[in-house]
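Those sequence lines, one after another, are chains A and B. Residue numbers for the first sequence follow the working numbering, beginning at 34 and rising by one. Residue numbers for the second sequence follow the working numbering, beginning at 4 and rising by one.
Read the hints as simulated data drawn from the structure, not as lab findings. Quick caveat, the model's predicted, so the values are computed rather than measured. A few of these clues could be false.
Unchecked claim - So the derived label-pair ranges between C-beta atoms look like this:
#1 Glu160(A) <-> Arg192(B): 40 to 46 Å
#2 Glu160(A) <-> Asp396(B): 25 to 31 Å
#3 Gly68(A) <-> Pro84(B): 56 to 62 Å
#4 Arg13(B) <-> Gly79(A): 33 to 39 Å
#5 Pro84(B) <-> Glu158(A): 22 to 28 Å
Beta carbons: idealized from backbone N, C-alpha and C, even for Gly.
Listed below are the residues making up each chain.
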Amino acid sequence: MTGQRTIGVTVNGTRHERAVEPRLLLSDFLRHDLGLTGTHVGCEHGVCGACTVLLDGEAVRSCLVFAVQADGRAVDTVEGLAVSGVLHPLQQAFHQAHALQCGFCTPGILMTLVPFLREHPHAGEREIREALSGNLCRCTGYANIVAAVERLVQGAGELGSWGAGELEGQGADAPRGAAT
Amino acid sequence: MSAGRYVGQRVLRLEDAKLLTGRALFVDDVQLPGMLHVAFLRSDEAHATLRGIDASAARARPGVVAVYTAPDLGDYWRPGPLLVPPPPIPGLVFNTATQVPLARDKVRHCGEPLAMVVAESRYLAEDALEDIVVDLDPLPAVTGLEAALATGAPLVHEQFGSNLAAQVRQATGDYAAARAAAHRIIARRFHYDRGASAAIENRGVVAQWDERVDELTVWDTTQAPIPIRNGLAAMLGLRESQVRVIAPFIGGGFGPKIMMFYPEEVLLPWAAIRLGRPLKWIEDRRESFYATTQERGQIHDAELAVAKDGKILGVRDVFLHDTGAYDPYGLTVPINSQCTLLGPYVVPSYESEFTAVFTNKPIVTPVRGAGRQHGVFVMERLLDFAARELDLDRVEIRRRNYIPPDTFPYDHRILFQDFRPLIYDSGDYPAALEKAAEMIGYERFVREEQPRQRRAGRHVGLGIVSYIEGTGIGPYEGARVTVEPSGSVRLATGVGTQGQGHFTTFAQVVAEVLGVDVERVQVSTGDTREFGWGTGTFASRGAVVAGSACHAAAVKVREKIVTLAAEELECAPGDLELVCGRVRVKGSPEHGLSLGELAVKANPLRGAVTPGTEPGLEATAYFGPDRGNAASGVHAMIVEVDPETAQVEIKRYVVVHDCGTVINPMVVEAQVQGGVAHGIGNAFYEQLIFDESGQLMNASFMDYLLPTALDVPTVELAHIETPSPLNPLGTKGVGEAGAIPTGAAFAQAVEDALSGTGVEITEIPLSPGRLFELMAGSQGAGEPGSQGAGDSRSRRDGA
Chain A
34 MTGQRTIGVT VNGTRHERAV EPRLLLSDFL RHDLGLTGTH VGCEHGVCGA CTVLLDGEAV
94 RSCLVFAVQA DGRAVDTVEG LAVSGVLHPL QQAFHQAHAL QCGFCTPGIL MTLVPFLREH
154 PHAGEREIRE ALSGNLCRCT GYANIVAAVE RLVQGAGELG SWGAGELEGQ GADAPRGAAT
Chain B
4 MSAGRYVGQR VLRLEDAKLL TGRALFVDDV QLPGMLHVAF LRSDEAHATL RGIDASAARA
64 RPGVVAVYTA PDLGDYWRPG PLLVPPPPIP GLVFNTATQV PLARDKVRHC GEPLAMVVAE
124 SRYLAEDALE DIVVDLDPLP AVTGLEAALA TGAPLVHEQF GSNLAAQVRQ ATGDYAAARA
184 AAHRIIARRF HYDRGASAAI ENRGVVAQWD ERVDELTVWD TTQAPIPIRN GLAAMLGLRE
244 SQVRVIAPFI GGGFGPKIMM FYPEEVLLPW AAIRLGRPLK WIEDRRESFY ATTQERGQIH
304 DAELAVAKDG KILGVRDVFL HDTGAYDPYG LTVPINSQCT LLGPYVVPSY ESEFTAVFTN
364 KPIVTPVRGA GRQHGVFVME RLLDFAAREL DLDRVEIRRR NYIPPDTFPY DHRILFQDFR
424 PLIYDSGDYP AALEKAAEMI GYERFVREEQ PRQRRAGRHV GLGIVSYIEG TGIGPYEGAR
484 VTVEPSGSVR LATGVGTQGQ GHFTTFAQVV AEVLGVDVER VQVSTGDTRE FGWGTGTFAS
544 RGAVVAGSAC HAAAVKVREK IVTLAAEELE CAPGDLELVC GRVRVKGSPE HGLSLGELAV
604 KANPLRGAVT PGTEPGLEAT AYFGPDRGNA ASGVHAMIVE VDPETAQVEI KRYVVVHDCG
664 TVINPMVVEA QVQGGVAHGI GNAFYEQLIF DESGQLMNAS FMDYLLPTAL DVPTVELAHI
724 ETPSPLNPLG TKGVGEAGAI PTGAAFAQAV EDALSGTGVE ITEIPLSPGR LFELMAGSQG
784 AGEPGSQGAG DSRSRRDGA
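Bound conformation, chain A alone (with noise of 0.2 Å):
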């Protein structure tokens, strides 16, 4: 229970060693030991979707993930979606059109929405909401969230492909911001 084991995790490009117990959490593992505290814990039993990260590249609950099972794997958090303090574009959107109140559900949102816009970048309303009826918001109502998304689904020709090559595959030594 209480033995430590040593792991290598690359989180946001940068790859991190430590001893942990087996039970550690990810989520934990990201805010205690890394101090990314902008994956946040809602209810630590896969529900309300708070502490999405990416783990190789695909949204997963860290709170439902152990720390382990990281190991020799990437996670991107929200703190590596801003490249040289400028907003994603989803991050953008999310602010253009007022999606966050309180922000306590935000970071999960938008590391669902990153892989999910990866997949369909053309996504309609109902594919939107599906798509966030994992994350539970109490605050917005979600209608500001699905604009948001709306919004930068109608405007991706002029925005690029931005979500192509984004946050996709990204090895231990793959440098930030290679996002096309």
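Starting from the known structure of chain A, fit chain B onto it as the hints suggest.
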């Protein structure tokens, strides 16, 4: 205040960037060197005698630093304060029983804390909970409201001899005469049951004692940092200046975070001082379902005396209110129910009496709406039933009973929760109704659409209801505005913020007055070191009361700017204008000074000033309204009910609302949308289900369902603005509005969709299961309280 460069504009939020990039500080993000972690052992019995606690094994566990039980607290153990004393209503009965830090002799609800473990990590603290041996002797529990008042019922608090927490009667006019004169008496029993506030951020406290400066710092997910500071200082024997409470970014409040003092808020600072190390406790979701306060259990027996033409002659309402195991928040919730029932209507006679009841369930304090839902539900349903019996149109019966727009201020002649008379300041209820009816296409729907759909076998229905929200109550808030030498403006206020956009809306108010770019106004809120006077964020009062204080402080600073600039520029104060961060001579824009330059001049290092001169361009101001103001609105929705599954889909949702002058329409609309989502949850998805032993049966997000993006439609919204004469901005509150009439609108719409089947809805929340029972019952069964086949959500409190 009329629309200007900033006020009334859709200014994008200044706080977003931090929140979007994960840089915003929430309580759980506070990490301090040497920090220890706390976990609480909580009662798994709802009602039991506490014989003893053996924590020796937990204390011996490696990594455990301390374990505290009630006896360890010594003189520090004492019941919490009564937050809101009862208003001065003649004949009022009120029995006070407030929560304790750790249970000592007895537990009164599941989740009541028994012991506090402090350990090197949260994981170790939770391990140690398992080592603690508790000797609890279960007692019969009381959960139902009527059962609680029955002779021989188990007593939550023995000292009162019954479970009666309060009894309050308010009346106006002669209801007996109204009843005698009535064409019809519409009488029904209504149920409204409990839900959770369910902020996505659970509660948390971090406490740090710095012995180098003898100061306590507490990070707290509270909506009321200043009262927390004041109370902690008193309890711990410290000066208020030795205690700093910070409510940083808060992940949603919705009411329960205004409650104080939660046991954890009392215990962590105390233990941090004792141990000399910082402590952190973060509630987990399961704890939140027991340990964070809840709301909404009431049973109303109400009747409406109505004339043949649909005019209200009077209302009589007798109701039970569930206050849970303790009543630290006084009577705010049931008094809101009592007052809000009157709504936007002329009610010539009113008799209302409620009995608040102790039960072995978690404590009840305001949750978004704070009792107003119940009043709206009862009144709107009574009008619906009256319209049906009188063969009147639903919209028409409301139209006939509205307080006319030319009769403000309108006095309902009873006392509101702020201890002031329930006098409405302004409004235009008929205009809101007509607008909403037009937007939802009421006439066309009832004449064409609904019959057409019904012929096609589809059950669609429409709900349209009115509400009043008493908002913006006192006592007061304050603000300090400072122009810095850089030209940026610092604004500090005491209310906490939980996502409402205060960093932007308050900045808009100040930027408007001072003629600076809104981005140059930096807002600090929720840090007692920045601002130490105020009460908190509740009752939809932030924009009204704190916003008005920001305005008042900005106006004072503007006067200082103009006075000093007139001297510097050798002109009359009246010749000056404030534009783009400069004060300049009207018509001669090159003659001016930047506010930064003027701030430097206002703070000389040498020389002399006129005696009495205050340095700097800074002012502090306070605002307290004479009484609360009356926001209002109409909600309309169209639903479709699947008669096979009893699933309900909301097809359209229209809100016409009036919160007076709108500071930022984008923020207001989003508040309404979010409130509607909360209301939809209350109406159809969310219900806390307790069994007869007081166990909560659905204490997880797997079992307690919050509405998702698939359940909440995008609201179509229109504003009506009747400015409040009670504050300089003309604003009224809006934070709770969206959640208040949703249940009433939903019930009417579903009933309308099922018209002809005999289904009558007198309860909220519904669920597909409960609605299915009602639909089956209309052909033979189904009282509230019956357990439906295969539906774990069906239930009924107390009946």
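Hints versus structure:
In this structure the hint that Glu160(A) and Arg192(B) lie 40 to 46 Å apart at CB holds, the actual value being about 44 Å. Remark: the range hint 25 to 31 Å for Glu160(A) to Asp396(B) is contradicted by a beta-carbon distance near 40 Å. Distance hint for Gly68(A) and Pro84(B): a CB-CB separation of about 37 Å, inconsistent with the stated range 56 to 62 Å. One distance hint, 33 to 39 Å for the beta-carbon pair Arg13(B) and Gly79(A), holds here, with the actual separation near 37 Å.
Between Pro84(B) and Glu158(A) the CB atoms are about 49 Å apart, so this pair departs from the stated range of 22 to 28 Å.
Taken one by one, the earlier hints fail for this structure at numbers 2, 3, 5, listed in ascending order.
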